[in-house]
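The listed protein sequences derive, respectively, from chains A and B.
So for the first sequence, numbering that gives the first Met the number 0 puts the first residue at 0; every next one is plus one.
So for the second sequence, numbering that gives the first Met the number 0 puts the first residue at 0; every next one is plus one.
The hints are simulated quantities; they were obtained by calculation from the structure and are not laboratory data.
One or more hints might be untrue.
Claimed, not checked - Cut-off 30 Å, straight-line C-alpha distance, at most; resulting in silico cross-link-like pairs (DSBU-like, lysine-lysine):
1) A:55 to B:186
2) B:64 to A:55
3) A:45 to B:64
4) A:24 to A:55
5) B:180 to A:152
6) B:16 to A:45
7) B:14 to A:35
Stated by the list, open to error - Derived list of chain A stretches under chain B, where covered just means 3 residues or more per stretch with a C-beta under 8 Å from a C-beta of chain B:
8) 20-33
9) 38-47
10) 60-70
11) 130-139
12) 177-184
13) 191-203
14) 261-275
To be verified - So the derived list for chain A, only partly shown, Cβ under 8 Å to chain B, looks like this:
15) 153
16) 156
17) 158
18) 169
Please read these numbers as outputs of a predicted model, since none were measured by experiment.
Think of the CB as a built atom: it goes at the ideal place given N, C-alpha and C, for glycine as much as any other residue.
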Amino acid sequence: MQKLSEHFLELIRRASTILPEDVRKAMEDAAVREGKSSSAGSTLLKMLENATEAEKTSTPICQDTGTLVFYVHYGPEYRQKAIQDAILEATADATARYYLRPNAVDPVTGKNSGNNIGNGLPYIHFDQGEKPGLSIRLMLKGGGSENVGAQYKLPDSNLGAGRDLEGVRRCAIDAVFQAQGKGCGPGTIGLGIGGDRGTAFLESKEQLFRALDDRNPDSLLAELEDRLYRELNELGIGPMGFGGKTTVLGVKIGTRHRLPACYFVSVSYICWAYRRASMILKEGKVSYD
Amino acid sequence: MIEIRLPASEEDIRKLKVGDEVAVTGVMITGRDTAHKYMVEESADEVREVLKGGMIYHCGPVVRKDNGTYSFVAAGPTTSIREEPYEADIIEKFGVRGIIGKGGMAGRTLEACGKFGCVYLHAIGGLAVILARSVKKVQGVHKLEEFGTPEAMWVIEVDAFPAVVTMDSHGNSLHDEILAKSEAEYKKLIGKI
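Model the full structure from these sequences, guided by the hints.
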């Protein structure tokens, strides 16, 4: 039987080197809409070519392999500490094999740990279930796109944004406008409404685990997602900020109950190199997606 | 496609206009946040020669080491705007002719491009595998221990490195154009309920 860390290494390799199918499909459709002769269209085609080459050669799609964000759901037969140790081992191993760039820097000394392990890195969220088995979702979130994320506190008089979905809409439009081409668009937007400052951001990131073509079960949020997808693409920022019809590939919205005094809207932007992968380990058999 | 050889002359650089596609060949260095601070605050004599008529690539690569030899595995551009506080001074101090990165830069850098004869070249973000292939050789590296792999100054030989001029030495910036156009749309969207 393979060690847990070997499965996790494969999960990291896949996340870093394979562009998820739904993202590829969305970019291919966008390239057709933009047309080959436009700079937006040719940029999208080059991105897709790069992703194809990355998969073929097992090389990172982007050199910024980002923050590793793990969501772990485990059954009663597992110990959390054992999973955590195996994730750390796999992370260091993946760095040594060049699937990951050493990305953990001490903010005081400036020293890079060299293996992606550091204070709070990688980020691992655990939750335990009652049924046996282990399922893990992993996202690699690049720093360029992380830098263009934003958090708003409503009401915001500059935006004319009140404490309602119209206010949320204004925040999303503002964040994507401010980001221009700096987040490596076409991006996908995760919105977290409510919570406190910390959990609002977590919610916005968790939204990015959703498939691009899924449907929000809440009809009001689904409607806002569709509207924002249409409107954000009217901004004309386009792939890499070169101009074009494709500024975002999708918008995903989630909510958390808030305090009466607070109304946060967190915006997480993920770049076109939208790297996520998942694995399920059940009865000794592993499957990846 | 316009071929640019490094070191580049001021005349070659002044010919370039926003929208031109270029292929850069020659020796350049990578440099990002820590390197820019260093180049401004210290004398940085070890990079003077390569920067004279040369280019700085905003890039923090994934680098392989085999038997003491380095090679670039993945090497797309990083976001350039973080270097805005430093770049104009570096262009003037070292006689740099080109900055390669992504996302564009702002007014001070654009002004320095005009004043000293420099351009901003945009590479496609996330094009890490394809761009690493145009890096033919790693000649050396400065400050690897101190700055770490992504932030070190890698001296690289590139062959036909592909990029597009998005800021030229005549005061034009594609980024300003897109900002203005998208701002008009933004105002429409925010104005309506």
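Now the hints, each set against the structure:
1. A:55 to B:186: violated, 44 Å
2. B:64 to A:55: holds, 21 Å
3. A:45 to B:64: Distance ~28 Å between residue 45 (chain A) and residue 64 (chain B) Cα, so the pair holds.
4. A:24 to A:55: At roughly 18 Å apart (the allowed maximum being 30 Å), residue 55 (chain A) and residue 24 (chain A) satisfy the hint.
5. B:180 to A:152: holds, 27 Å
6. B:16 to A:45: OK: residue 16 (chain B) and residue 45 (chain A) at ~22 Å, within 30 Å.
7. B:14 to A:35: Judged against 30 Å, a Cα distance of about 27 Å means the pair holds.
8. 20-33: Not satisfied, violated; 0 residues make the cut.
9. 38-47: holds (count 4)
10. 60-70: holds (count 5)
11. 130-139: Violated, because only 0 residues of the stretch 130-139 of chain A bring their Cβ atoms closer than 8 Å to Cβ atoms of chain B.
12. 177-184: holds (count 4)
13. 191-203: violated (count 0)
14. 261-275: It holds, with 3 qualifying residues against the three required.
15. 153: The hint is violated - residue 153 (chain A) has no Cβ within 8 Å of chain B, the shortest such distance being about 14 Å.
16. 156: Result: violated, 13 Å to nearest chain B Cβ.
17. 158: Holds - the Cβ of residue 158 (chain A) comes within 8 Å of chain B, reaching about 7 Å at its closest.
18. 169: holds, 6 Å
In summary, the structure is inconsistent with hints 1, 8, 11, 13, 15 and 16 from the numbered list given earlier, while agreeing with the others.
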